[in-house]
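Turn these sequences into a full structure, and let the hints guide you.
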Amino acid sequence: MISSWEPGTWPAPHVLYGGDYNPEQWSPPVWREDAALMRKAGVNLATVGVFSWARLEPAPGEYDFGWLTEVLDLLYDAGVGVALGTPTASPPPWLTVAHPDVLPVTDSGVRYSPGSRQHFCVHHPEYQAHAMRIVSELARRLGDHPAIRIWHVHNEFACHVPQCFCDFSAAAFRTWLRERYGNVEAMNEAWGASFWSQRYRDFDEVLPPRVVPALPNPGHHLDYRRFSSDSYLAQYIAERDLLRSVTSHIPITTNYMGFFKPLDYFAWAREQDLCSTDNYPDPADPDSPMLTAMHYDLIRSLKKDVPWTVMEQTTFRVNWRPVNAAKVPGEMRRGSYQALARGAAGILFFQWRASAAGTEKFHSAMLGHAGTATPGWREVIELGEELHRLGELTTATVAADCAILFSWPNWWAVEQIGQPSAELRMLEQVRWMYRPLFEAGVTADFAAPGEDLSAYPVVLVPSLYLLTEAEGASLRRYVENGGTAVISFWSGIVDEHDRVHLGPYGGPLRELIGGDVVDVAPLQPGQTVEVAWTDGRRSAGTLWQDLVDESGGEVLARYAAGPWAGYPAVLSKQAGAGRTVYVGTRLDTAALGGLLAQVLGERDAQPTAGVERVVRRTAGASYEFLINHRGEPASVPLAAAGQDLLSGATVSGRLELPPQGVSIVRRETERR
Amino acid sequence: MISSWEPGTWPAPHVLYGGDYNPEQWSPPVWREDAALMRKAGVNLATVGVFSWARLEPAPGEYDFGWLTEVLDLLYDAGVGVALGTPTASPPPWLTVAHPDVLPVTDSGVRYSPGSRQHFCVHHPEYQAHAMRIVSELARRLGDHPAIRIWHVHNEFACHVPQCFCDFSAAAFRTWLRERYGNVEAMNEAWGASFWSQRYRDFDEVLPPRVVPALPNPGHHLDYRRFSSDSYLAQYIAERDLLRSVTSHIPITTNYMGFFKPLDYFAWAREQDLCSTDNYPDPADPDSPMLTAMHYDLIRSLKKDVPWTVMEQTTFRVNWRPVNAAKVPGEMRRGSYQALARGAAGILFFQWRASAAGTEKFHSAMLGHAGTATPGWREVIELGEELHRLGELTTATVAADCAILFSWPNWWAVEQIGQPSAELRMLEQVRWMYRPLFEAGVTADFAAPGEDLSAYPVVLVPSLYLLTEAEGASLRRYVENGGTAVISFWSGIVDEHDRVHLGPYGGPLRELIGGDVVDVAPLQPGQTVEVAWTDGRRSAGTLWQDLVDESGGEVLARYAAGPWAGYPAVLSKQAGAGRTVYVGTRLDTAALGGLLAQVLGERDAQPTAGVERVVRRTAGASYEFLINHRGEPASVPLAAAGQDLLSGATVSGRLELPPQGVSIVRRETERR
Amino acid sequence: MISSWEPGTWPAPHVLYGGDYNPEQWSPPVWREDAALMRKAGVNLATVGVFSWARLEPAPGEYDFGWLTEVLDLLYDAGVGVALGTPTASPPPWLTVAHPDVLPVTDSGVRYSPGSRQHFCVHHPEYQAHAMRIVSELARRLGDHPAIRIWHVHNEFACHVPQCFCDFSAAAFRTWLRERYGNVEAMNEAWGASFWSQRYRDFDEVLPPRVVPALPNPGHHLDYRRFSSDSYLAQYIAERDLLRSVTSHIPITTNYMGFFKPLDYFAWAREQDLCSTDNYPDPADPDSPMLTAMHYDLIRSLKKDVPWTVMEQTTFRVNWRPVNAAKVPGEMRRGSYQALARGAAGILFFQWRASAAGTEKFHSAMLGHAGTATPGWREVIELGEELHRLGELTTATVAADCAILFSWPNWWAVEQIGQPSAELRMLEQVRWMYRPLFEAGVTADFAAPGEDLSAYPVVLVPSLYLLTEAEGASLRRYVENGGTAVISFWSGIVDEHDRVHLGPYGGPLRELIGGDVVDVAPLQPGQTVEVAWTDGRRSAGTLWQDLVDESGGEVLARYAAGPWAGYPAVLSKQAGAGRTVYVGTRLDTAALGGLLAQVLGERDAQPTAGVERVVRRTAGASYEFLINHRGEPASVPLAAAGQDLLSGATVSGRLELPPQGVSIVRRETERR
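Keeping their order, the protein sequence lines are chains A, B and C.
Take the first sequence: its letter number 167 is residue 167 in the numbering used here, and every next letter is one higher.
For any residue, its number in the numbering used here is found by taking its place in the second sequence, counting from 1, and adding 672.
For any residue, its number in the numbering used here is found by taking its place in the third sequence, counting from 1, and adding 1344.
Don't read these hints as lab results, they were simulated from the structure.
Some hints could be false.
[Claimed, not checked] Some but not every residue of chain B turned toward chain C, in silico, with C-beta under 7 Å:
| # | residue |
| --- | --- |
| 1 | G864 |
| 2 | W868 |
| 3 | A1094 |
| 4 | L1096 |
| 5 | V1172 |
| 6 | P1180 |
| 7 | V1190 |
| 8 | P1194 |
| 9 | G1198 |
| 10 | S1244 |
| 11 | A1247 |
The structure presented is a predicted model; accordingly, all values stated were derived computationally and were not measured.
In this text, a Cβ means the ideal position worked out from N, Cα and C, and glycines have one as well.
Put into C-alpha cells, the structure is as follows:
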C-alpha cells in the first residue's frame, strides 16, 4: 500500500507507456508479434485480463490460467510490465444463466439482459461470491508473476449501471439507511417525509427510488446516490483487500472516468494507492483541450500527493459517439502532453491491437486493422521515443495557483428535479469558472469542501448548493485567515440532507455575501440581463439572478435593466483578514475573467491565445509546458531562456510553436 | 348542498384569501407564528390536511387527530377559516407495502412506485376502503369544528395518473362497458371492431388499451377516457356523499386544473357545490394573460350560477418547470385581478409557508424561506389589504357576450392518432378563436354541446369533431331561432362512438355549412394558403383546407392559390331566423378577428392594446376591470366616468394605467 | 406455381385494377352497391378477407364462411376477380385470451396487448397451429371459387413486430443457431465472443438480444435479424405450401413494403410466385417521385423474370403520418404510371371503400366518405378507363442500363451501433447513387451480391460494408471480364459475421481500389471537405473521408483542404478487361452525376428537368414513358416520332406535357 508518496519510488524512472491488451482475442502467433511490436513502440506497460473471466473460468469452478501465464511470460521477456486486471466487470454467460436475478434492474423495472458488459447487480450475493472467487484464484495463481507492476481492479466501475433498483438493492439500501440514520424518524426528518404523506414507520417500508407518477422525494434520491457510490466502493475495497492480502507489494488502482457523476471519487481516492482515469475528448468539440485539462486537474487533485495515470485514451477515433471524429495529425501527441503537463506518470491507450470483431472493433488502437500502415501507428512510435527521454519528469510536481471547491453530493443535489432552474448544470458552472483560468494559464486544483485550503491564495466556489455547517465553517475560517473566496450564486442553500438553511439564502456562507439573498429569479435560455459595474463597464449575465438586499458589502456591479434593475449583481466583502467576492448572476466570460485576474493578481507570464501553459517543478528545475491547440503556428513570448526538453535546443525570446506543437522549457532553479 | 346559488350566502361578504397550509411540516411554535402572520396578511382561509394521511393514520387503523385539532383551534382563534382536505391523494407507505397492487400501472405495464404522490389505482378495492375509512374518521372527529368553511376533497384528481392499466382497472372497465352497451355486439359496432379482426365474443375478452404494436382502436381509447374520468368522479362522489352525510351544511369542492384533458369537468361540476381551480401561468410565456383569462372563463362556465375560487396559484415562482421564471413586481397582483374580473370569489395560493425540504421546497409561498424579507411577502400584504375592501364584488356576476362550444369527449376524440393531421390540437383551436375575443375585450362563456344557448347572440364552434345527432340538432335549433354560429372546419365529423357521419362531412351540421365538404387536405407545418375575400382583402390560412362544393351558401372567401384554388374558404348561410359562418381553413388572427367583429356587432368600448377589459355587474352597479398586462404605461379611453374602486378616485376621459396596473371602475346603474 | 414466367399467361391481357375490399364492415345492400360501382370504375381485382379471421372463425373451431361466399359470388357476377387473403396477420381476441403468451414481447420485456393488429409471436406454437387451421379451412372451403385469381398470404409481414424477444423466440433462436453453426465455438468465433467475456459454453445459454446496459454484440444482433426474417418467411412458406397443396393452379403472393429493413426480400422472392408491394409516398416530400421509382425498381428486381403488382397505394391521403398531405389533382394518376413504367402488372389501392370506424377511417379510399362526390373518385374512374386500353403493356419488359448492388445483411450490419458514423445510413447511400441516375433517365436494376452481373455494362456499389469472400470474388470476376464498377467508401469491410477483413480496408475488393485504405475519418453533420479534380474542377465531400495510400490506381481527385489534404478522394483502376472507380467520400450530386455520366457513356435521350423517363419494350415495340412530376408544363424533346398511347395522337419534335402530365410514346421496333 502506497500510503505516502516517495518521489521516484513508483513508477519512475520512466513514464509509463502502453495500453489495454486482450490476448484472448488472438492466437499465440499474434501474441509473439505483439510482444515484438510493443518493444519497438517503447511500450512498458500492458493492461491484461480486464475482460477475461469467461476464459479464465470457462465453467463454474473450472479454471484455465495457462494461456494468461504464457502471455505474461512473453510480455515479461519483452520488457513489458503488466497491469493485471480483475475481470469482475463482465461475468460470463453461465453466471446469469444460473442466477438470472444477478442481472440489474432499471428504475422502471426492466431487467437488463447479458450480452454487453457490467450486467450485474453489485448487491447480489451470488455476484459478490463469484467475483471474489475469481479474484482470489487470479491473485493466488498469478500474483507472484514478475511482470506484474500494478493491479487494475474491475473496469470503469458503474459506467453503464450507475444504480440498480432490484430487490437485492432494496435490501442493501435498507441496511445502509439503518446504519446512516439509526432510527427511522431521523430519516423521515432528513427526507422531509411529512411532505406529501411520505412518512415511513420502519426502514422495512423503504424502496429504491423507482419510477413514480409525480416528482420524487429529493432526499430519497440523494441518499440512493450516496448508497450506490458506496456500494461500488465496497466492491472495490473487497477486491483490494483480497489482493493486498496476497500481494502486499503491488499497488492497486482502478480506472476513473473524470467528472463521472455516479461515483464520489474524493471518497474513492482515499481507498486507492493511486488514481487512474480514462479520457476520451471529442476531437470535434473545440472545448476539448479545456475539458481535458480540467479532467486531469481533477484526477491529480483526488490524491494530491501521488502521481496518477491516463489509463485509457484513443490514438485516433472512438466508436461509441454518433459521429466519431478522428484526431488530426499531432492531436494525440498534444493531448498526451496535456496529461504530462498536469502531472501524469503514465500515458496508456485502449487498446493495443484493434479487435477484429465485437462491439468495439472500430475503436482505434495503437495497432489498427491495417497494422503498422495506419497513421496512428506512426504517432505511437514517435511518442514512445519521446517519452523514453522524459523520465526526469516523474518526480516533478504541479503547483496550483488556486483551488476550486467541488463535491459530488453537491453535484447530485443541485441537479435534482424541482430546482429553480434545470439549466443550472454543475459541470457548466465549473467550466464557467475554469475557462478564464485555463485561458490565462492559471493552474487550479480541485478541493473537496472541508479540505485544508490554507495553501491556496484564492478559492473559487461555483454553485456549492449543498454545504454542511462544518464545511461552511471551514470556508469561513479560510477567508478569515486571509484567503480570498469567489463565491457564485446558489451556494450554501441546503444541508447534507438537501434541507434548506432557512433565512436569507447562503446558510453557513451567509455572512460572506455582503447582503441578504432574499429570493432568486432564473433567466430563460437565451435571456440576458445587463450588468453595470461601478467603474462604468457593462457586462451581461445569464441563467440566474439573485435578488440581494445589500448590507455590509461593497457593491461592485448592479443589474442595469429588467424588473430587478438596481439590485446588486456582484458584491465584495472583507471578512477577517481575507475577503470574498459574491457573484449573483452568470457573468460573461470576459467579465468573470477580469474579476478573477484582479483577484489572482499579477502573473509572471502573459498568455498566448490557444496555447496551454502549465509549470511542473522538481527540487532543482522548473518545466514550463507550452501546448499549441490551434491549427496554426503560435509565437509565445518566454519570460526567461531555457532548454527545450524535446528538441534539446536552447530557447529564449519568442518560442515559435508549429500547429499542434509542444515545448517543455526546462530551467534550473534554486533548490526549494 | 348548494343546489342553487343565492348571492351573498357564501363566501360573502369577503373575498376569500389565503392558501394551502401544511402544519405537519412545522413545529407548534411555528404554528403560532403562522397564525399571527396570517392575520397580519389578511388571510381568511387556509387549506389544511391535504397531504396529512400518514400523520393522521400513522399505522393502519391507528389515528392521531390531536395535532390537527390544535392547528384548527389556533386558526379559528386567529379568525382564519379552514378548507379541510381529505388526504386521499397520497396514501401512506404502509398501504402500498401491505397491498403492492394498489400501485398504478402504465399502459406498457410499468407499476409505479410510492415516493411521490397519487400512487394508487382508483379502482382498487383496498385503496377505496382505506380512503373511505380515513375520510370517515376525519369527518366524524373534526367535521363539527367551527373553523371549517369548506371541504376540499382529494387534490388535483388524476393529475399524474390520468389512467391506470392494471388488472383491477380492467375488471372495472368491463363492468363499465356492460353498463354502457348492454351487449357486446353493440360495443363491437360502436368500436368498428370488424376492422382488423377485433370483434369480441364477450366483455370478458376486453382489456384496457395497453400498448399495442400498431395503431390502436380509437373507440376503445375513447371509452377508456370516459371510463377513467368517471372512475375518479365516482371516488369524488363517494367521499362527497360520506362528508355530506356527516356535515350537510358544509359546501364541498375539489381543485381543478383548468383545461385538464383527463377529466370531463362539465360532468364533474354537476356533482359539486362549487368549482375551484389551480392556475400556474408561465411568466415567461407572453400568452399567459390570455391563457389565464380563458382558464377562468372555463371554470366560471362549468357551474354558471355559482361563484368559483382560485384554489392555488403562486406568489413568485413554481419549481416544476425546466426553468421557473419569477413573476415581476406587480404580476401576481395583476393575475389575481384577472380572477376577480372573471368572477372569482377567492384568491388562494399554494402554499402559505415554503417547505424546508421535499419535492416542492423551491415552489414560492406567501411566506418564503427568507420569511417576511422576500419580495413576495410585500405583495401578499398589499393584496390582502385591497381584497378586504372589495367585498361588494362577491355578489357581482359576469355577463358574457358570446359562448364557445367545448366538450371533453370531442377533445379526447379529435386528438387521437389516425386523424388527418396531428397538428390539429383542440386547445390550439380554442385559442385561435379566443384570442381575437380577448384582444377586443369580448367576454366569452364556454358551453357544452347541447346546453341551452338562447342567451347568447353568438356561438363559436371550433373544430367540434365529435358531435351527436342530438347535440347537432340543438345547435341547429339555436341558429334557426335567430342565433349566429361561427363554425370551423372539422366539425360534425363523427358521432359519440367516433364513427363517421357518412356523406359529405358535417353530419348533423351539414345543412348549416352552405356547401358539401367532400374531402379535407391538411397543410404542413409552416405551409400557408392564400385566401381571397370577395371584398378584395387577402388573408392566409394554415393547418387545414376543407374542399367544399358550394351549394346554397354565400361564398365570402376562396382559396387564391395552390392545387385547390377557387374552392370556397369561408361561407355564410342563412338558416331560419339566424345564420352561420363556416370557416374551412385556419384563418390568420386578423382575418378571423375581422370576421368575429362583424358578427358580434358594435362594441361600447374600444380595446387598448395589452389591456384586458371585463365587466361585472350587480343589480345596482357595473364594475369595469381594466388590467394592464404590459411592462409600460397604458392610456385607456373611458366610455363614461366612474369611481376607481382601488384608489377611490373619480376617473373619466382617459385612464392612465402604470405597468402592471389595475383599475376597477365602478358605475351606478339602473337596477336590472 | 409460377416457376418461370410466360409473357401473357398472367395477369394479361389487362392491367389489374382495384383494391382491398373489407365487406365485413358493411351490410349486404352496400355489397351490392359496391359490386356495381366496381364495375363502373373498371375494377377487375378486389383483395378480400385479409382481416376476416374474427368473422370467419368467431369462436375457436366454429366457422362462418357463408357471408364471404356470398361476397365472392357477387364479385364474380360483376366480373371482378379476387385476391383472397389468409387472415393470419390479425388473430381474433379469443386467441390471445386463451394464450396470452402468444402476444409478442419487446426487447425491454414489454408484452404487447391485443387491440390493433399483428399481435402475435410468429414462433409461438399456438399461433402457428391456429393460423394453419384457419388457412386450411379457407383453402378447403373457398379454394375452388371461380372468382379467385390469386392468394394473398397474410399482410405486410413483420410491419409492426419486426422481432419478438419472448421465451418462445429464444428457444427458436437457439434451434436456428444450432443449425447455422453446428457447434457453439463456431458461434463464439463468429460473434467475437472473447470480447467483454461473452463466450458461451452451450447454445442453451443464448438469449435474444434484449436490452443490455452497454453496447451490444453486433454479431448477436445481426444473427437475430437473419433469424427473424427467416422466421416470418417460414410462416409464409407454411401457408404457401398448404395453399398449393389444395389449389396448385392459383399463384401466391404477399405484399411487401419496398425497402423494408426487417425482411430480406431477395430471400423471400425466391419462395414466391410473384412479388407485390405497398407504396405510400408522402405528397409533401419533393423526393417522392424518386423514392417511388427506386422502390419499384427494387420490387421489379427481386424476381427479374416475373411481373409484379402495386398491391396498395392511396387515392388521396393516408392517416398514419403526423400530417397527412393530400395528393394534388393528377398526382395519383402520375404515380400510378410510375409503376406501369417500371414494369407493374397491376395498380391496386387500399382500400375500395373508406371505413366508417376504426383506426384507418381517415385513410382515403377509392370510394370516400362522401361517396362518388369526392375528388378522388373522379380520378379513379378516369384511370380505370385508361388502364383498360393499355393491355399490350403487360408483356413489355424493362431493360435496365445498370445495376446497383444491395443486400439486406449489409443493411443490417452497417447500421448497427458502434460504427465510425451513425450518419451513414444505407438508404441514404443508395439514394445518393440513385439520384443522378433518376435525373438522367437511366434505369437501374437492383442486384444482390453474388448475382450474375454480366448483362450490365455498369455496376454501382454503395457502401457494401458486409461482403463475403465469395461475393467479393464475384464482383472481381465481373470487372475482370470487362465490367465497370463504381465502388464507394466503406465497402468490403467485414465478412458475413461482421468480422473485419484484416489489413487495409476493402477485404475482397481491396485489389479493385487502386490504393490502401489505411483508416477512415467521418465528417460531422454539416461539415464538408473540398475535393480537387485533376482536371481542375472543385467539388465538396461530406459524411466521410477514407485515408488512402495510393498504389496502382490513377488518382482522379484529391482532398484540397483539411488535415488530410493531398490524400486521394477518387481513384480509378484498370482490372483485367474492366475498370473500377473508387469514391472515398460522399461527393456532391453534381460531381457524382458527372462521374456516372462519364462511366455510363452517351445516352440516346437528353433528360428534361422534372420529367421521369423509362422505356419498356416488347418484341415489336418500345414504350417511352414520360412523366412530368412538376406543377408546371414541361417541353420534352423526342428522339424520334411515335404514337402517344393515351391520346392516340402521333407525336414528334417536342412533346408538351401539362403539369402532372403523362405520355407513353409507342414506337414500332424490329423484332428482337
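Tested hints:
Checking G864/B against chain C by beta carbon gives a least distance of about 3 Å; that is within 7 Å, so the hint holds. Below 7 Å, beta-carbon pairs count as interface contacts, and W868/B has one with chain C at about 4 Å; its hint therefore holds. At a threshold of 7 Å, the smallest CB-CB gap from A1094/B to chain C is about 4 Å, leaving the interface hint in force. Here the hint on L1096/B is broken, as its CB sits about 9 Å from the closest CB of chain C, past 7 Å.
Interface restraint check: V1172/B against chain C, minimum CB-CB distance 5 Å, threshold 7 Å, status holds. Look at P1180/B: its Cβ only gets to about 15 Å from chain C, farther than 7 Å, so that hint breaks. Of the supplied interface hints, the one on V1190/B holds, with its beta-carbon coming within about 5 Å of a beta-carbon of chain C, less than 7 Å. Interface restraint check for P1194/B: the shortest CB-CB distance to chain C comes to about 5 Å, inside 7 Å, so the restraint holds.
Taking 7 Å as the C-beta contact cut-off toward chain C, the hint placing G1198/B at the interface is violated, the least distance being around 10 Å. Interface restraint check: S1244/B against chain C, minimum CB-CB distance 22 Å, threshold 7 Å, status violated. At about 21 Å, the closest approach between the beta carbon of A1247/B and any beta carbon in chain C exceeds 7 Å, and the interface hint on this residue is violated.
Against the hints set out earlier in the document, violations occur for numbers 4, 6, 9, 10, 11.
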